[in-house]
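Here my numbering is used: the first residue of the sequence shown is 1139, the next is one more, and so on.
These are computed hints drawn from the structure, not numbers from a lab.
All C-beta atoms in this analysis are idealised placements derived from N, C-alpha and C, irrespective of residue type, glycine included.
Mixed in with the good hints, there may be bad ones.
[Unchecked claim] Computed cross-link-like contacts, DSBU-like style, restricted to lysine-lysine with a CA-CA straight-line distance of at most 35 Å:
| hint | residue 1 | residue 2 |
| --- | --- | --- |
| 1 | K1409 | K1208 |
| 2 | K1262 | K1319 |
| 3 | K1208 | K1318 |
| 4 | K1208 | K1338 |
| 5 | K1199 | K1523 |
| 6 | K1346 | K1405 |
[Claimed, not checked] The following label-pair restraints were derived from C-beta to C-beta distances:
| hint | residue 1 | residue 2 | range |
| --- | --- | --- | --- |
| 7 | I1167 | P1343 | 43 to 53 Å |
| 8 | D1158 | E1464 | 29 to 39 Å |
| 9 | N1290 | R1203 | 39 to 49 Å |
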Amino acid sequence: MATLLLVIIYIAFISLGLPDSLLGPAWPIIHKDFQVSISYAGIVTMIISGGTILSSFFSGKLIKRFGTGKITAVSVFLTAAGLAGTYFSPGFLWICLCGIPLGIGAGAVDSALNNFVALHYKAKHMNWLHCFWGIGATAGPLIMSFFIRKNNNWRMGYGAIAILQIILVACLILSLPLWKKFQQEETEQTTDSIDIKISKLISLPGAKPALTSFFCYCAIEATAGLWGSSYLVTAKGISAEVAARWISLYYLGITIGRFLSGFLSLKMNNKTLIRLGQIIILIGVALLALPLFDIFQMFAFILIGLGCAPIYPAMLHETPNRFGKEISQGIMGIQMAVAYVGGTFMSPLFGLLSKLIGFQWFPAFLLFLVAIMLVSSEMMNKILKHRKNEVQKDTVEALGSE
1139 MATLLLVIIY IAFISLGLPD SLLGPAWPII HKDFQVSISY AGIVTMIISG GTILSSFFSG
1199 KLIKRFGTGK ITAVSVFLTA AGLAGTYFSP GFLWICLCGI PLGIGAGAVD SALNNFVALH
1259 YKAKHMNWLH CFWGIGATAG PLIMSFFIRK NNNWRMGYGA IAILQIILVA CLILSLPLWK
1319 KFQQEETEQT TDSIDIKISK LISLPGAKPA LTSFFCYCAI EATAGLWGSS YLVTAKGISA
1379 EVAARWISLY YLGITIGRFL SGFLSLKMNN KTLIRLGQII ILIGVALLAL PLFDIFQMFA
1439 FILIGLGCAP IYPAMLHETP NRFGKEISQG IMGIQMAVAY VGGTFMSPLF GLLSKLIGFQ
1499 WFPAFLLFLV AIMLVSSEMM NKILKHRKNE VQKDTVEALG SE
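Generate the whole structure from the sequences, applying the supplied hints.
If you want it as structure tokens, here you go:
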């Protein structure tokens, strides 16, 4: 039963990745069809991100009330509705409106599934699930490009993926009894749990460094992906075609790295994987900054991708261990929201800074974020170690008093 549910979750993660990368390849045609500026894509992206951040913040309370299975099914339905609405869009405003259910659905299901896997499955599955998300994110543009190449119709790309999402909704509805069994198990394990306000969750010991780590990680991943090609072209004099190809290797590094991290997690704990990933990113950023042959820039982005690979899944899987199973869903939602904030706003911030200081400061910007993430992670480890020592001390004192 657990295996069947895991298969459904794997399929859900592929499906989650499909819509995330659709707007980019479709927008060059969409903005012409609706006669709006090409820069308006940023407005749509911000609306989707806003919905994602909002639903992530409140996902804990919703999942506690309705259960992971129902929230997942409803969230995927909202995503399907947003995609279908985009297919029928008569104009730009309608696409903006459709971005609301797209964002809300994505945020809630992401938080729900990540916490569910962190509670019930081993770390290897968290890595492989995020690898499968990468497969979906890669397949989305391929599906869109197929329909654009075939008849220059971006609507069919959205329609095809909307149909796939609806099929997933049907599978999720049929699987609700499986989710219910796990929900009953969660209820039995957390009978003494109470709803905790977001402000109190943020004030928990270790919450701030954990949230800072999530913020910085997603800022690094998004900034490297968005501005890496521009850095190579403007600061290193590499052709746009070659730069685009090298950045694709960065994303390939993340996907392959997460597949490999699943095996590494059998021998290493989450803390070690996070630290290893951060060190690899540092090496990659150092290669970017050093005045070496151009080919080393390619290796640098591959290393940054490989370094990014284990960090996010490992931090997610570590959440119940850091804060306890009883409140992991609440803190998970906040972590996801803060991660989206980092990914949404820090990369545009560097875009603004680049106008003032130039793209040659791109490695320094990444180094700044990696340094903060590394310090925050080590602060989190120190808090966990102190907590463990306190528990051991209390245990020894209790045994000694008997």
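Would you pick out the hints that fail for this structure and give their numbers low to high? none
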